[in-house]
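2 protein chains.
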Amino acid sequence: MLPFARVAIIGLGLIGSSLARAIREAMPTVRVTGYDADPDVRAVARAIDLCDDVTDTAGACVTDAELVVLCVPVRAMGAAAAEIAVDLPDEAVISDVGSCKADVLAQLTAVLPDHRIIPAHPVAGTENSGPEAGFARLFRRRWCIVTPPAGADPAAVERVAELWRRVGADVEMMDPQHHDLVLAVTSHLPHLIAYTIVGTASDLEGVTRSEVIKYSAGGFRDFTRIAASDPTMWRDVFLANKDAVLEMLQRFSEDLSALQRAIRWNDGDALFNLFTRTRAIRRSIVEQGQDDPAPDFGRRHD
Amino acid sequence: MLPFARVAIIGLGLIGSSLARAIREAMPTVRVTGYDADPDVRAVARAIDLCDDVTDTAGACVTDAELVVLCVPVRAMGAAAAEIAVDLPDEAVISDVGSCKADVLAQLTAVLPDHRIIPAHPVAGTENSGPEAGFARLFRRRWCIVTPPAGADPAAVERVAELWRRVGADVEMMDPQHHDLVLAVTSHLPHLIAYTIVGTASDLEGVTRSEVIKYSAGGFRDFTRIAASDPTMWRDVFLANKDAVLEMLQRFSEDLSALQRAIRWNDGDALFNLFTRTRAIRRSIVEQGQDDPAPDFGRRHD
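Those protein sequence lines, which keep their order, are chains A and B. Following UniProt numbering, the numbering of the first sequence begins with 1 at its first residue and continues without gaps. Following UniProt numbering, the numbering of the second sequence begins with 1 at its first residue and continues without gaps.
Be aware that one or more of the hints could be misleading.
As the list claims (entries may be wrong) - If the Cβ cut is set under 10 Å, some of the chain B residues that face chain A in the computed set are:
#	residue
1	HIS115
2	PHE139
3	ARG159
4	ALA184
5	ARG209
6	GLU211
7	ALA217
8	SER229
9	ARG235
10	ASP236
11	LEU249
12	GLN260
13	ARG283
As the list claims (entries may be wrong) - Some but not every residue of chain A turned toward chain B, in silico, with C-beta under 7 Å:
#	residue
14	VAL123
15	ARG142
16	THR278
Unchecked claim - Derived list of chain A stretches under chain B, where covered just means 3 residues or more per stretch with a C-beta under 8 Å from a C-beta of chain B:
#	stretch
17	34-47
18	68-74
19	129-141
20	209-221
21	238-247
22	262-274
Source of the hints: derived by calculation from the structure; they are not laboratory data. C-beta: ideal position from N, C-alpha, C; glycine also.
So here's chain A without its partners, still in its complex pose (with noise of 0.2 Å):
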């Protein structure tokens, strides 16, 4: 039995056109209909047969929709719910993949007080944008985290849930502001370091950016991935998350700091002591199949 049988996705970035592709290949008689605001966007996902059907506005979208999916920029949820509100079926279910959950909760429920809202968010990507990055296979043995508010339906909760499993996701359920501190230290304050340092290395005197990327192996080039992630979509996430990823920054900078002093005054040992835990933390990621036990990510050495 399909959780749902029209599904319409508004905003078909990476994230929402794999979603697109996925429910397609794992569930080829579900319709899914597609909308992007942009209208390049849109001439992409046509050619390339994104959808079933892709729309010139909204509310077309959803029309006959039993689940909506936002795909849009965390701050640009609102809007987006209020674009589709008019035409919206009332039984239907509206869900998001956002990566902050609390924020993006208050936005759908101001705009669509009525409707069953399920937030969730698919632990997943990579650092390309677009209808054309997208594909079937992202979400497949990572997390989507289903963030229901208080009293929400538990069939709606279900059939969310189903559909994320249909795709090949693992499902977990997690209270929203639980969920966006989880986020703000497994994600948000890793791209906002790299970010950082990526910014930090390309501006120096001494050294000329030719060198940087010339010597990138050397361990930069890992953080310069996460630092090509999409920039609308972050600067969201980081004003959308602000508390929790203010607290996790201020806890980051005061070990910097401590790590700065130990090297100042030869402390070694301290050294040694934090790089033999964390060590041990790229164990149990690799153990718990979260991340690739090959060398170096696998890269080919030929």
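Start from chain A and add chain B according to the hints.
Frame of chain A, contents of chain B only:
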């Protein structure tokens, strides 16, 4: 014409064992002897037939060597040089693979003032350690930076450079001090930041360590790879290149504070502008062959 007929490798970890394999593969007639201070490592090296001969003392390893390559942690270079000093032929060339060059050059010069010392740094590695982690292709299409001291014998410099070319590396010459500044930003700072963030994430009260591991695909896991690098090696690097590392760390901290302030004051434009700039750097790194163009480091999604 081979650059050296007999090469001694002191230290059979990731880099030393990769170099042994690479030399034997690219130049099968070169005699490669190896030594490691750890008897267990020597036993493994013998069991996997890593070298033509694995000796039980450092002195025996170098006794007829034309080139000695020290592949030990950077602060152990002086002691390793002292251990071979008596047995080292006068005409042997001494090199190393350390990630800091000024400090290593000073250590080696103090111990072996009359030898030809030609330090080098292959900018290559993985997060794994030990003789079994090495592989012959590690240096292919990676840069090896040779940092001859002022007045170095040009023939010796060229022979060391040629050895690295033969194992697949591209060679650049650089002044030791400039090398240390460039690597502080492209390698040492990224490692320090990665170690810090992994430490921060593993010591939170509101988020459990198992949650951090579980949802690490949101970005955090990328940092754990680098933070799994050899603790002894990296402790030594930060202490041996202290001035450049502290300088880069200071700049990074200032940039991080600026970003923190932009988030606190909702300055979305400042965030967007930085995130757009950093995206371009990634593109250059991929274009110049310093990283894989495949999204998500080419991680498998199956």
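Results for each hint:
| no. | hint | in the structure |
| --- | --- | --- |
| 1 | HIS115 | violated (28 Å) |
| 2 | PHE139 | holds (8 Å) |
| 3 | ARG159 | violated (23 Å) |
| 4 | ALA184 | holds (8 Å) |
| 5 | ARG209 | holds (8 Å) |
| 6 | GLU211 | holds (5 Å) |
| 7 | ALA217 | holds (5 Å) |
| 8 | SER229 | holds (8 Å) |
| 9 | ARG235 | holds (4 Å) |
| 10 | ASP236 | holds (8 Å) |
| 11 | LEU249 | holds (5 Å) |
| 12 | GLN260 | holds (5 Å) |
| 13 | ARG283 | holds (7 Å) |
| 14 | VAL123 | holds (5 Å) |
| 15 | ARG142 | holds (6 Å) |
| 16 | THR278 | holds (4 Å) |
| 17 | 34-47 | violated (count 0) |
| 18 | 68-74 | violated (count 0) |
| 19 | 129-141 | holds (count 6) |
| 20 | 209-221 | holds (count 12) |
| 21 | 238-247 | holds (count 5) |
| 22 | 262-274 | holds (count 7) |
Checked against the numbered hints above, the structure breaks hints 1, 3, 17, 18 and satisfies the rest.
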